[in-house]
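Residue numbering for the sequence shown follows our numbering, beginning at 71 and increasing consecutively.
Some hints could be false.
Said to hold, decoys possible - The calculated label-pair distances, taken between Cβ atoms and stated as ranges, are: (1) E179 to G348: 49 to 57 angstroms; (2) E352 to W204: 22 to 30 angstroms; (3) E179 to H391: 31 to 39 angstroms; (4) D242 to A321: 29 to 37 angstroms; (5) R209 to A321: 43 to 51 angstroms; (6) A321 to D196: 23 to 31 angstroms; (7) A321 to S189: 45 to 53 angstroms; (8) G248 to S189: 53 to 61 angstroms; (9) H316 to S400: 33 to 41 angstroms; (10) H442 to G210: 22 to 30 angstroms; (11) W204 to A321: 32 to 40 angstroms; (12) Q367 to S215: 46 to 54 angstroms; (13) E352 to D409: 12 to 20 angstroms.
To be verified - Pairs of lysine-lysine, DSS-like flavour, derived with a Cα cap of 25 angstroms: (14) K364 to K341; (15) K328 to K412; (16) K420 to K439; (17) K328 to K439; (18) K420 to K341; (19) K328 to K191; (20) K341 to K328; (21) K354 to K364; (22) K354 to K341; (23) K191 to K227; (24) K364 to K420.
Since the hints were derived computationally from the structure, they do not count as laboratory data. Please read these numbers as outputs of a predicted model, since none were measured by experiment. No residue lacks a Cβ here, since even glycine has one placed at the ideal position from N, Cα and C.
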Amino acid sequence: MARNWTERDVEDLLRKAVGVSVPDVYQQVSGAQVDPLLNPDHIVPNRRPPRRRWGRAVGALCAMLLLVLGLGLYLQFHTAAIVSIGEEPDVELSVNRFGRVLDARGRSEAGEAILAGLSLKGEGLDDAVEQVAWSMADRGYLDGSDVPVSVDGGDWKYNRELEEEAQEALEDVLEDWGGGGHAVIAPVDPEDDGTGAVSSSAPSAVPTPAPVATATPQPQPSAPAATTGGSALLSSEEAMAAALAHAGVSASNATFDKVELEEEDGTMVYKLEFYGSGTEYEYKVDAYTGAVRKAEQKGTCGGNSSASISAAEAETIAFQHAGVTADQVSDREVELEEDNGKLYYQVEFKRGDIDYEYEIDAATGAIRKAEHD
């Protein structure tokens, strides 16, 4: 006979079934060992901010700026070269690496008089040279003769730049003054080191020669003077006399084409080229002792082999033909040349934008060639 199941009976049956099928894990869990917490106090450490790395960069930049500033101050106030103007020389200008005058002094009473009233400190070299030159003109120290310029410093390339700048500025004043003469590069006095600037030992480039106005060209140095124990340099006239005496040619029969002062084998020599008695000569004469270091005859000129007119006369002939005067032209140059045994003067000059070129027969004064463009 079937049993009538009540709701309570069903619940009891289900409870028993679940109790049999699901294990009791309480005893197992309650008896297991538990590791202690790593941070029982719940303390959370503060996060450190990242280190700023720009501090070292700023320090390096500051050091670099100080180095550049120090170098700039050194170059600004350190004498890089000494520019000498005049015969004794009368005036010396101390110049820094930027071409600015640091100091000016006179080496004689004349030099002090030239500098009187001039404020040259901080001026550019070209402006300072112009002021000195005009002061020389105002005080009567320009007499139409050439004015020597020399530069003594530790960098021969920089020396050459200063030479060209000073020579150009002085030439401008001499041209405006109109009394004649040219600015010529002179050798550095080997004993003059009182300024502290170190003389250059490297050869300088050959300077642009001054315009030739006579048959005897003004000597132009092509390198710094070598140390020779302090002996005085011979003049170009003394060197020419030594060459003529050795060649046995009288001065009246000689026509000089070139007279240059240059360095050779550690000493200064004059290089001379001249014609005499139908022969072309080339000599090298020691600039301190007058000894002949080289004597060479390049050949005998035939036909019209003597010059009857001077270079100045050849220039005058060319000027008259061109319809100009000496004070109207610039870039003057006269050279004695030989063509098939005949001597002639090659005369070149410039007026405004027009270039003139002449060939004047050295014996007759006849114009062989006349061109302008």
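Taking the hints in turn, this is what the structure says about them:
{"no.": "1", "hint": "E179 to G348: 49 to 57 angstroms", "in the structure": "holds, 51 angstroms"}
{"no.": "2", "hint": "E352 to W204: 22 to 30 angstroms", "in the structure": "violated, 41 angstroms"}
{"no.": "3", "hint": "E179 to H391: 31 to 39 angstroms", "in the structure": "violated, 47 angstroms"}
{"no.": "4", "hint": "D242 to A321: 29 to 37 angstroms", "in the structure": "holds, 35 angstroms"}
{"no.": "5", "hint": "R209 to A321: 43 to 51 angstroms", "in the structure": "violated, 35 angstroms"}
{"no.": "6", "hint": "A321 to D196: 23 to 31 angstroms", "in the structure": "violated, 40 angstroms"}
{"no.": "7", "hint": "A321 to S189: 45 to 53 angstroms", "in the structure": "holds, 48 angstroms"}
{"no.": "8", "hint": "G248 to S189: 53 to 61 angstroms", "in the structure": "violated, 27 angstroms"}
{"no.": "9", "hint": "H316 to S400: 33 to 41 angstroms", "in the structure": "holds, 37 angstroms"}
{"no.": "10", "hint": "H442 to G210: 22 to 30 angstroms", "in the structure": "violated, 38 angstroms"}
{"no.": "11", "hint": "W204 to A321: 32 to 40 angstroms", "in the structure": "holds, 37 angstroms"}
{"no.": "12", "hint": "Q367 to S215: 46 to 54 angstroms", "in the structure": "violated, 33 angstroms"}
{"no.": "13", "hint": "E352 to D409: 12 to 20 angstroms", "in the structure": "holds, 18 angstroms"}
{"no.": "14", "hint": "K364 to K341", "in the structure": "holds, 9 angstroms"}
{"no.": "15", "hint": "K328 to K412", "in the structure": "holds, 18 angstroms"}
{"no.": "16", "hint": "K420 to K439", "in the structure": "holds, 16 angstroms"}
{"no.": "17", "hint": "K328 to K439", "in the structure": "holds, 22 angstroms"}
{"no.": "18", "hint": "K420 to K341", "in the structure": "violated, 28 angstroms"}
{"no.": "19", "hint": "K328 to K191", "in the structure": "violated, 39 angstroms"}
{"no.": "20", "hint": "K341 to K328", "in the structure": "holds, 7 angstroms"}
{"no.": "21", "hint": "K354 to K364", "in the structure": "holds, 5 angstroms"}
{"no.": "22", "hint": "K354 to K341", "in the structure": "holds, 5 angstroms"}
{"no.": "23", "hint": "K191 to K227", "in the structure": "holds, 23 angstroms"}
{"no.": "24", "hint": "K364 to K420", "in the structure": "violated, 36 angstroms"}
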